[in-house]
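The whole structure should be built from the sequences, with the hints applied where relevant.
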Amino acid sequence: MADNTNKDNLRREQALEYHAGGRPGKIEVIPTKEAKTQKDLSLAYSPGVAIPCTEIKNNPSDAYKYTAKGNLVGVITNGTAVLGLGNIGPLASKPVMEGKAVLFKIFADIDVFDIEINETDPDKFVEIVKSLEPTFGGINLEDIKAPECFYIEQRLREEMNIPVMHDDQHGTAIISSAALLNALELQKKKIDKAKFVVNGAGAAAMACIKLYVALGARYENFTLFDKDGVLHQGRTDLGADRKPFAIKSEKMTLAEAMKTADVFLGLSVGNVVTKEMIASMPKNPVVFALANPDPEIGYEDASSVRKDIIMATGRTDYPNQVNNVLGFPYIFRGALDVRASAINEAMKLAAVKALAELAKTAVPDLVNMAYNQTNLCFGPEYIIPKPLDPRLLSTVAPAVARAAVASGVAQLQIGNWAEYELSLNKRLGLDNQMMRLISNKARRDPKRLVFADAENTKILKAASIIYDDGIAYPILLGNETRIRNIAAENNIDIDDLPIIDVRSDEMEAKREFFGSLLFQKRQRKGINKYESLKLMRTQNYFGAMMVETGEADAMLSGLTRN
Numbered sequence: 008m009a010d011n012t013n014k015d016n017l018r019r020e021q022a023l024e025y026h027a028g029g030r031p032g033k034i035e036v037i038p039t040k041e042a043k044t045q046k047d048l049s050l051a052y053s054p055g056v057a058i059p060c061t062e063i064k065n066n067p068s069d070a071y072k073y074t075a076k077g078n079l080v081g082v083i084t085n086g087t088a089v090l091g092l093g094n095i096g097p098l099a100s101k102p103v104m105e106g107k108a109v110l111f112k113i114f115a116d117i118d119v120f121d122i123e124i125n126e127t128d129p130d131k132f133v134e135i136v137k138s139l140e141p142t143f144g145g146i147n148l149e150d151i152k153a154p155e156c157f158y159i160e161q162r163l164r165e166e167m168n169i170p171v172m173h174d175d176q177h178g179t180a181i182i183s184s185a186a187l188l189n190a191l192e193l194q195k196k197k198i199d200k201a202k203f204v205v206n207g208a209g210a211a212a213m214a215c216i217k218l219y220v221a222l223g224a225r226y227e228n229f230t231l232f233d234k235d236g237v238l239h240q241g242r243t244d245l246g247a248d249r250k251p252f253a254i255k256s257e258k259m260t261l262a263e264a265m266k267t268a269d270v271f272l273g274l275s276v277g278n279v280v281t282k283e284m285i286a287s288m289p290k291n292p293v294v295f296a297l298a299n300p301d302p303e304i305g306y307e308d309a310s311s312v313r314k315d316i317i318m319a320t321g322r323t324d325y326p327n328q329v330n331n332v333l334g335f336p337y338i339f340r341g342a343l344d345v346r347a348s349a350i351n352e353a354m355k356l357a358a359v360k361a362l363a364e365l366a367k368t369a370v371p372d373l374v375n376m377a378y379n380q381t382n383l384c385f386g387p388e389y390i391i392p393k394p395l396d397p398r399l400l401s402t403v404a405p406a407v408a409r410a411a412v413a414s415g416v417a418q419l420q421i422g423n424w425a426e427y428e429l430s431l432n433k434r435l436g437l438d439n440q441m442m443r444l445i446s447n448k449a450r451r452d453p454k455r456l457v458f459a460d461a462e463n464t465k466i467l468k469a470a471s472i473i474y475d476d477g478i479a480y481p482i483l484l485g486n487e488t489r490i491r492n493i494a495a496e497n498n499i500d501i502d503d504l505p506i507i508d509v510r511s512d513e514m515e516a517k518r519e520f521f522g523s524l525l526f527q528k529r530q531r532k533g534i535n536k537y538e539s540l541k542l543m544r545t546q547n548y549f550g551a552m553m554v555e556t557g558e559a560d561a562m563l564s565g566l567t568r569n
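Per this note's numbering, residue 8 is the first one in the sequence shown, and the count goes up by one each step.
Don't read these hints as lab results, they were simulated from the structure.
Computed from a predicted structure; not experimentally measured.
The beta carbon of each residue, even a glycine, is placed where N, CA and C say it ideally should be.
The hints are all genuine.
Derived pair list, reagent style DSSO-like, types lysine-lysine, alpha-carbon separation capped at 27 Å:
1) K40 with K72
2) K217 with K255
3) K266 with K255
4) K517 with K454
5) K266 with K217
6) K101 with K137
7) K40 with K433
8) K196 with K290
9) K367 with K202
10) K43 with K33
11) K234 with K255
12) K202 with K250
13) K448 with K465
14) K266 with K202
15) K217 with K290
16) K234 with K202
17) K367 with K454
18) K137 with K72
19) K290 with K255
20) K290 with K266
21) K517 with K536
22) K76 with K43
23) K112 with K137
24) K282 with K266
25) K314 with K202
26) K200 with K266
27) K314 with K290
28) K234 with K152
29) K152 with K33
30) K217 with K195
31) K197 with K282
32) K258 with K234
33) K200 with K217
34) K202 with K290
35) K196 with K217
36) K152 with K101
With beta-carbon atoms standing in for the labels, derived distance ranges:
37) R451 with I113: 27 to 35 Å
38) T74 with H239: 47 to 55 Å
39) N423 with K234: 50 to 58 Å
40) T74 with G415: 21 to 29 Å
Structure (structure tokens):
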């Protein structure tokens, strides 16, 4: 007990020191223009500033040209439903809003002003936020309690001409939807046939359900529970959004409902689901226990009774974390970049599908290293990308931007999508611009690249990524059975890549041809005819001769051999 108390005290002190140390808080405002000389100051403020002011007065859209509006999001709350803390008020919620600002910046290079409003009346809150429209390019509503949050978001979306999203609702919905699509695919279940049990019918849960329906789930396949029990047709406290999901039976319990549930979604409180409930679910269940900090059932408990389960939580210490940071930075990035007037269903669905597809691609070693893993790959313990995957920005934001253009809410067109994706990568401030230039040049004229050490997970993963990115055409050297087994075990797609077993009987004629060429080149420099033929049974020499004879353009080696 004493040890736990000491650990809690240490965590408390560390957290307070983190927020108080140096400059208090987590954010600051930094000028983007020089302001060193008198001339700089006269341009930044008086009298020079009058000129862009006049331009904007004559053409309001020029605000995006001459100010930071187009890259500025307001993170706005009244502190009535702060995650894990409840109604703590606007002032106490400020550290959370500053944290959200940090995430916007580091993941998508979006600037944020956090706005904590001391107002709980929904209509007054709406009027305050509406009045801020000239300042921002988008509004991220945060930690506002239900049902007021539904009303507030709906009115602001109807009455403002910039994108508005309540992330507590839609962020969880988008990320969990991507996870759901992949989990159902792995479990070989169809979304329109799957039966859902949902515990918790608040803002986030209802947003999830509506998005699942948009993806193909059917109203009649849902059974919902809240703190008052099952949502049934005899209840008089159900709003218009929850009525379509009310069932006839008022005596249905969570334990009974779980017996027919293909999917369980929990957005309620911890430890309300038992091992027995999980054990009673049909074959190949999907369990999303998203209550924080304690899920509806622990990962170990659920996994201990069902080996066929695919499970997600909201926690970082277990596989398949449903983390809103996978969504909101990139959704707003895409929306801002085409100057969208709203974040609509098409844009949300585009984000869902982009996330789901990204999880199926080979995971770069950079991501494995970040999470102390050796081989993350699509499967039951990896159904959604990791938050530190650097590909998220250039994958999700363009998908959202394209959907905005296609659905008619974009006020700006992107002429060259490849250049746009490149600009997104540059936004991250990575020190690999030279590598990006080389990659782009390679894509213009992809070369045939021999991988001499193909019997290796890292090499196969690299070859798959290079092929998918259009950088080169890989040729794999090694034992075909061994290579395909490694690829299958690690879920690496190499189906389209040629494999050459240099030791096989089929390659005997080629070995003799390459050996004779090598002998001609090196016969008076230390290699005889027998040695030259023998060397062709090694992948490095065989690959080098492929380059020599023009059957390949380059060879990559050195991982396992000198």
